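Okay, here's what each chain looks like letter by letter:
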Amino acid sequence: MEDQTKFKLQVKAIYRLLLGIFGLFAIAAFTILVILLNPNMLKKSNSQIEEIAVEYTAVPSEEDFDKIENGIHVRTGLVDAEGLMTVVNNCTNCHSAKLVTQNKMNKERWISTIRWMQETQNLWDLGPNEDIIINYLVTNYPPTKKGRRENLKNIEWYTLN
Amino acid sequence: MKRRNFVTRTALGSLSLLIGAEVVFADTMPKGYRPLAIQDPDPFKMFNKDKGMEVLNDKPWNIEAKAHLLDDKITPNSSMFIRNNGLIPENIDASTWTLTIDGESANESKTYSLAELKTKFRQYTYQLTLECGGNGRSEFDPPAKGNQWTVGAVSCANWTGIRLRDVLEDVGIKSDAVYIGYHAADVHLSRDPQKEPISRGAPMPKAMQDETLIAFKMNGKDIPLAHGYPLRLVAGGWPASVSGKWLTRISVRNIVHDGTKMTGTAYRVPCNPVAPGEKVKDEDMCIIESMPVKSLITYPKTGATIKEGKSLNIRGHAWAGELEVSKMEYSIDFGSTWSDCDLEQPTNRLAWQHFSANVDFPKKGYYEVWARAMDSQGISQPMLLPGWNPKGYLNNACHRIAIKVV
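For the protein sequence lines, the chains are A and B, in the order given.
In terms of the UniProt record's numbering, the first sequence has 31 at position 31, counting the first letter as 1, and numbering is strictly consecutive.
In terms of the UniProt record's numbering, the second sequence has 297 at position 297, counting the first letter as 1, and numbering is strictly consecutive.
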């Protein structure tokens, strides 16, 4: 009887010790990770300001999670217009918003794209949101006429010696 | 620097505790790659890509090169395009990786370990052109949906591996075999384990070619994660989607493989030509096989301003799917006159060919240098967009760069 109680106490002590060690280890690992992911955290360098600026635009902090800048929803790159958040909430779970912003289609083709995603890609029934989404897409991402060959554009001129 | 690497390795080791699973291969994980659980948002670091690459899509990752980044004769990883249909597999362990050959037309179902594949079969290295079927999609009118590739979804790296034919012959193939279909470890965007992001393949004659490899090396090193580590099917000259990444299984089929993105309209074009915007029924769409003749001017970068009287050296690569390029020309007057370029022989079949020329400009002004390749059957690249198709594939219109003479 006494042996058993003693044994139980020993087990408890070991359990607490292990818990403590594991806790310390987890904290240490977490700290190392944080430092690794932000290698300049402990350093002061000229590039620090620039890098931090980049980090802020790429990963907005919690309070401005849905920040709009120059008419663009920063987190997704989608145009700020009627229906924006419905599109964000329904169309950026599986794929990137970049798949929306780089495509330009008319109403019929946006609808058929949604049907294709519903039939093959596990997209849910959009219900009353469907009209809001389609209206947003055709208003903000309509096709542009390109003809059989466009002019070369966005040329960055430089001197070649 | 070394110390930091050591810390990285140690921390990645400890990381396994945090995410509750072992990060197998933490040591050989590509430099800069972090597992998805703590994924670095910088794809250029994560995949070791040139900063000049263009990210078209980040879920799934689709990244393309620009013409001038493809100047190397053998494409390095840094400028190789990424085309993913699903999510990159996590926790890859090459030491337990296997490849299974099965299917209605295989004599048996047989599984090989990676080590077995490497030792049992003779290894070959070929330089192989891989171009996305949708390269150039962005130019079509009416536009086609999907990633809007411009010109940079093409590469020509050295691939080392074993012949698919040797493995198929080791298993034994029935006489009714018509197609092989691959299966891989990537994850569907919806994370539905029942769905495969992509499972394409090739008809038996393509599967049995000398150059069709089950590859485990790219440019002499382990294949980078984003390009299919540790095992990839490589079938040069055909849409790059035939070259399945993260390969786990090959089924020998007695029908045309019906995996994901083999059916419907995926990687298919109208069997008969259609007018722009015309509706095409699924049954009237035919699978793309060999890619068409095409070329890229990789030097100089578009936008060069040069002094009057100075001649300009241009260079680039040309390829023609299953065929060879027989002639390469350039024009500085929008196709009114053409001049020959010097054209090299390919290193091996299905490798791109290098061309160069010395261009003189008659007077000051704005010019476009156009490049046009012709294949061994006398077919040339069009100057305008080729036949419109609903999914925007096979745009091989001639490449153009802008030059100003001042």
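Read the hints as simulated data drawn from the structure, not as lab findings.
Possibly wrong hints are sitting among the right ones.
[Said to hold, decoys possible] One-sided excerpt, in silico: chain A residues whose CB lies under 8 Å from chain B:
#1 Asp-66
#2 Lys-67
#3 Lys-98
#4 Gln-102
#5 Asn-103
#6 Val-138
#7 Thr-139
#8 Asn-140
#9 Pro-142
#10 Pro-143
#11 Arg-149
These figures come from a predicted structure and were not determined experimentally.
Where is the CB? At the ideal position from N, CA and C, for every residue including glycine.
Now the hints, each set against the structure:
{"no.": "1", "hint": "Asp-66", "verdict": "violated, 18 Å"}
{"no.": "2", "hint": "Lys-67", "verdict": "violated, 16 Å"}
{"no.": "3", "hint": "Lys-98", "verdict": "holds, 5 Å"}
{"no.": "4", "hint": "Gln-102", "verdict": "holds, 4 Å"}
{"no.": "5", "hint": "Asn-103", "verdict": "holds, 5 Å"}
{"no.": "6", "hint": "Val-138", "verdict": "violated, 13 Å"}
{"no.": "7", "hint": "Thr-139", "verdict": "violated, 16 Å"}
{"no.": "8", "hint": "Asn-140", "verdict": "violated, 15 Å"}
{"no.": "9", "hint": "Pro-142", "verdict": "violated, 10 Å"}
{"no.": "10", "hint": "Pro-143", "verdict": "holds, 5 Å"}
{"no.": "11", "hint": "Arg-149", "verdict": "holds, 5 Å"}
When held up to the earlier numbered hints, the structure conflicts with 1, 2, 6, 7, 8, 9 and fits the remainder.
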